[in-house]
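Undergrad: Could you put together the complete structure from these sequences and hints?
Which chain is which? The protein sequence lines are W and Z, in order. The numbers in this note's numbering rise by one with no breaks, and the one at position 4 of the first sequence is 4. The numbers in this note's numbering rise by one with no breaks, and the one at position 12 of the second sequence is 12.
It should be emphasised that the hints constitute simulated quantities derived from the structure, not laboratory data. The beta carbon of each residue, even a glycine, is placed where N, CA and C say it ideally should be. Be aware that one or more of the hints could be misleading.
Unchecked claim - So these bits of chain W aren't anywhere near chain Z, every CB distance computed over 12 Å:
#, residue
1, W7
2, R31
3, P275
4, N372
5, T373
6, L389
7, I435
8, R442
9, R445
10, E490
Stated by the list, open to error - Just a few of them, taken from the derived set where beta-carbon distance is under 10 Å, the chain Z residues facing chain W:
#, residue
11, F109
12, L110
13, P149
14, I162
Okay, here's what each chain looks like letter by letter:
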Amino acid sequence: MGAHDLWLLSPQLAMAALACTALVVDLATGRSKLVLWLSLIGLVIPAALSIALWAANPADTLVFFGAASVDRFSLFFTLLFTGVAAAVIVSAEKYASRFQEQRGEFVGLILASTTGMMLLASANELITIYVSLELTALPVAALLAFLREDRSAEAGMKFLILSGVSSALLLYGLVFIFGFTGTTRLDEIFARIGDLQASGGFDSTVPFGSYGLLLGIALAISGFAFKLAAAPFQMWVPDAYEGGPTPVVAFLSVASKAAGFAVVLRILYSAFGSPELAVEWSALFAVLAVVTMTLGNLMALPQKNVKRLLGYSTISQAGFMLIGLAAVSANTSAGSLVAGPQSVVFYLAGYAFTNLAVFLGVIAITNRTNDNTIAGFAGMGRRAPVTALLLAIGLISLLGLPPTVGFMSKIFVFNAAVNSGLAWLALAGVLNSVISAYYYLRVIRAMYMEAPTSDERITLDPSLGVATGIAAFGAVLFGVAPWFLLRAAEIAVRSLSGVAGS
Amino acid sequence: MTIQLLAFYAAAAVAIVGAMGVVLVPNVVVAGILLLATLLAIAGVFLVVFAEFLALTQVLIYGGAVTIVTLFAIMLTRTGELRVHLDNRQKPLAALVALGAFVLLSAAFLASEIPTRAAATSVATVGSAGGSTGFEYLGEALFTRWAVPFEIASLVLLVALIGAVILTRNGTPRDRA
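TA: This is the structure:
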């Protein structure tokens with residue numbers, strides 16, 4: 001404990017300090033534009049610290065008695081969250097005019113939630129995980145209600161209540177895990193389970209070896225499924241997406257989901273990574289994946305509101321990511337397969353670029369038209385050619401067609417599933433991709449095939465245009481040349497304790 | 001040991017009866033007061049296992065603050081209208097779900113061997129680490145081993161405060177004009 005711990009936690013500390021600075025500057029000056037640009041420049045600090053830590057790769061990654069582990073896995077996500085926060089803040093520049101007086105607080109709350117996500121990705125201990133999760137969720141609940149309309153208030157309220165319910169499930173699960181193992185640290189839980197297995201304390205006829213552990217893991221996964229927007233805990237998604245401010249929804253769908261997957265990956269591999277347990281939770285996630293994908297896709301088909309459509313789309317995308325969670329090496333005799341978690345991490349990074357391109361494009365158009373229906377996007381190919389093109393790239397990547405990162409993500413996830421003996425799951429994934437083509441292409445058809453409702457041109461704001469362009473460029477770049485990102489994902493996953501080969 | 005066990009059963013019985021009363025009693029004010037009894041009984045359970053600090057905070061925060069706020073909230077809202085919504089046709093279903101959860105949880109408890117040794121050592125260290133009392137140990141643990149979650153909790157409170165202020169603040173006069 002000491003300087004080394006502070007150095008390891010410096011990205012998180014910098015982000016927390018930035019959130020407080022944004023709030024204080026807003027209070028002192030009241031100039032929201034200043035707060036916005038100051039925060040945007042300030043985001044360079046946590047990003048630079050994360051890169052420096054990645055390069056330094058310290059041997060001792062545990063912070064403050066093992067409360068957090070700042071390994072390359074957590075740094076990968078730290079960088080991802082910083083980038084997403086920057087994009088969301090840029091996208092809110094014009095949109096925030098609807099927030100009346102609270103624009104400075106908007107930025108402060110986004111940064112506070114990002115701090116929670118960064119801590120969540122590094123947390124190595126159950127209590128830290130829970131507290132970080134609350135820090136992630138609470139600001140989002142407030143942000144969803146920012147528009148002060150009935151729909152927005154409903155979105156915030158639903159999110160708050162369901163987030164509370166899922167926290168209760170999660171805590172109950174964590175209590176069982178603590179009661180069974182006598183410790184809250186993930187690495188110690190892993191060791192304790194190893195001891196019990198060696199001493200014959202496990203009953204092989206019971207899932208997870210013991211009813212206590214079964215209940216604990218099942219409840220904890222239920223709690224996290226809410227974060228991931230996975231079925232059957234997806235009910236809040238469409239309402240929150242439709243009612244909430246679009247930049248907040250973008251933040252929720254990209255960063256919040258990535259944070260959820262990061263912590264689930266860490267818990268599963270660092271605490272419950274033993275092959276006997278991995279087989280059990282792999283089966284659980286395989287079922288969840290199929291249900292989530294199919295449910296999200298089928299519900300998306302009849303939607304007329306673009307934001308609601310994207311809500312169901314985010315559910316089905318979570319299903320595809322769950323395939324990667326189900327792909328564990330314990331299913332095969334190969335022994336050292338990292339393709340499963342690696343494909344999830346790659347998918348999350350690619351999804352961040354893809355979905356940001358889509359949401360920023362939607363924000364750029366609806367900022368002017370104020371119309372969230374699919375019909376409102378008619379003829380945008382002519383009215384806003386650049387924005388429509390970037391939005392179309394994002395949608396094609398969500399659908400998973402080459403040459404986009406969405407295509408590569410799906411290839412890697414399906415490949416991991418097949419290699420770990422889950423060919424049927426990959427097949428279900430391919431079928432679902434085909435279904436999803438219908439609703440993604442419907443938006444593109446509206447933009448390019450249908451006649452515009454007015455001749456007014458929609459120009460792209462420079463800052464929003466740059467952010468959307470970067471997101472769409474990333475979606476194409478990592479689709480054409482995925483190797484850099486794939487390698488980074490592999491390094492990140494291998495640094496996670498409990499993953500085979502580390 | 002037998003006195004301890006007796007005290008535990010007495011406290012647990014009060015807690016369970018009180019909790020059932022909270023759900024079954026139609027009058028919300030009575031339910032609120034039964035909630036107080038339940039929470040105090042749980043403080044008693046904490047005392048039985050020598051977690052005196054936990055018992056004290058349970059009495060102060062849950063027995064005191066939370067119950068008072070709940071009762072105030074009940075009195076300030078129109079409870080006459082509320083009572084209509086308290087019971088609905090889903091009551092049998094809710095009872096079924098509660099019963100199912102009870103059976104599931106007790107089955108899990110009885111079937112699995114919760115390693116008492118591991119739990120016992122961790123409780124013992126809370127009680128008497130290096131000869132210090134529970135209070136001293138808790139204070140020390142909070143600022144060393146649990147420093148990170150403790151500090152994150154302060155951030156959570158800050159965020160909750162800001163969120164609550166933003167959402168409840170009425171528009172400024174300029175907005176209304």
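Undergrad: Decide, hint by hint, whether the structure agrees.
TA: Results for each hint:
1. W7: It holds; W7/W is separated from chain Z by about 15 Å at its closest Cβ, greater than 12 Å.
2. R31: 16 Å, holds
3. P275: The claim stands: P275/W keeps its Cβ more than 12 Å from every Cβ of chain Z (closest is about 21 Å).
4. N372: At roughly 23 Å from the nearest Cβ of chain Z, N372/W sits farther out than 12 Å, so the non-interface label holds.
5. T373: Given a closest Cβ separation of 28 Å, the condition holds.
6. L389: With a cut-off of 12 Å, L389/W remains clear of chain Z, as the shortest Cβ separation is near 37 Å.
7. I435: 33 Å, holds
8. R442: 36 Å, holds
9. R445: 39 Å, holds
10. E490: For E490/W, whose nearest Cβ neighbour in chain Z is about 28 Å away, the distance exceeds 12 Å, so it holds.
11. F109: 7 Å, holds
12. L110: Nearest chain W Cβ about 8 Å off; hint holds.
13. P149: 5 Å, holds
14. I162: 6 Å, holds
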